[in-house]
Amino acid sequence: EVQLVQSGAEVKKPGESLKISCEGSGYSFTTYWIAWVRQMPGKGLEWVGIIYPGDSDTRYSPSFQGQVAMSADKSISTAYLQWSSLKASDTAMYYCVRHPPGIRSRGVVSGISTFDYWGQGTLVTVSS
Amino acid sequence: QSALTQSASVSGSPGQSITISCTGTSSDVGSYNLVSWYQQYPGKAPKLMIYEVSKRPSGVSNRFSGSKSGNTASLTISGLQAEDEADYYCCSYAGSSAYVLFGGGTKLTVL
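For the record, the sequence lines run as chains W and S.
If you're matching positions, the first sequence starts at 1 in the numbering used here and goes up one per residue.
If you're matching positions, the second sequence starts at 1001 in the numbering used here and goes up one per residue.
Hints are computed from structural coordinates only; laboratory data are not their basis.
For every residue, glycine included, the Cβ atom is placed at its ideal position computed from N, Cα and C.
Be aware that a few hints might be false.
What the hints assert, rightly or not - List of simulated lysine-lysine pairs, DSS-like, C-alpha gap at most 25 Å:
#1 W/Lys43 - S/Lys1044
#2 W/Lys74 - S/Lys1107
#3 W/Lys74 - W/Lys43
#4 S/Lys1044 - W/Lys19
Unchecked claim - Negatives, chain S to chain W, calculated, CB over 12 Å:
#5 Gly1030
#6 Asn1033
#7 Ser1078
Stated by the list, open to error - With the Cβ distance kept under 8 Å, some of the chain W side facing chain S (calculated, not the full set):
#8 Pro14
#9 Gly15
#10 Ser113
#11 Asp116
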């Protein structure tokens, strides 16, 4: 059974750093891409970026470029999303999601559109 | 790039059919057959219902179907059931700069 299990809820102060995790199981972790999706309180879904755990190739949404960093440790089938300096506006639920392979050719990533398995979400609250 | 446009809410009675639309542009929905739809219950993670415009993942009821015409994609739910009451989000590939856009979501109410 495919599972994405995320780390627990976090409460942080503005300016603090944070790294949340997403452990994949039940499939070949290095073959599928892992994306991150943000959902602010009472709002819709926003795509943050995507990482290929096989070689840590990453692509970011222009809205999130420079604001967050994605990484992966394939030895423990875990992907990460981190912030170096949190803001109150980072308060949201963050989901890790799996994306099927086949979207990279000659270094170009295209065709991202199918998020087939979702983690349970990690609620990040940033408040002074 | 802006989010895809969905109506805020739609409603229907049990047994009826409803359609949720998702309007983008010629740079996203109109250019690629890469639209997906997600169902989200309150407090839960979204679930993939339709991918690549009209394909259904294993386990998703055939009451759910997807289509696309020009810059607008649609999700149709036939034989509406109480358990279909949820939020629905569309998603489209948007090219090599924006990559992915989601719609704002549509709240489906089953009367």
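Results of checking the hints against the structure:
1. W/Lys43 - S/Lys1044: 14 Å, holds
2. W/Lys74 - S/Lys1107: With a Cα-Cα distance of about 38 Å, the restraint between W/Lys74 and S/Lys1107 is violated, given a limit of 25 Å.
3. W/Lys74 - W/Lys43: 32 Å, violated
4. S/Lys1044 - W/Lys19: With a Cα-Cα distance of about 22 Å, the restraint between S/Lys1044 and W/Lys19 holds, given a limit of 25 Å.
5. Gly1030: Its Cβ never comes within 12 Å of chain W, the nearest being 14 Å, so this holds.
6. Asn1033: Given that some Cβ of chain W is not farther than 12 Å from that of S/Asn1033, nearest at about 9 Å, it is violated.
7. Ser1078: With a cut-off of 12 Å, S/Ser1078 remains clear of chain W, as the shortest Cβ separation is near 23 Å.
8. Pro14: 26 Å, violated
9. Gly15: 29 Å, violated
10. Ser113: Because about 4 Å separates W/Ser113 from the closest Cβ in chain S, which is inside the 8 Å limit, the hint holds.
11. Asp116: 5 Å, holds
Figure legend: structure checked against the earlier numbered hints; hints not met, in rising order: 2, 3, 6, 8, 9.
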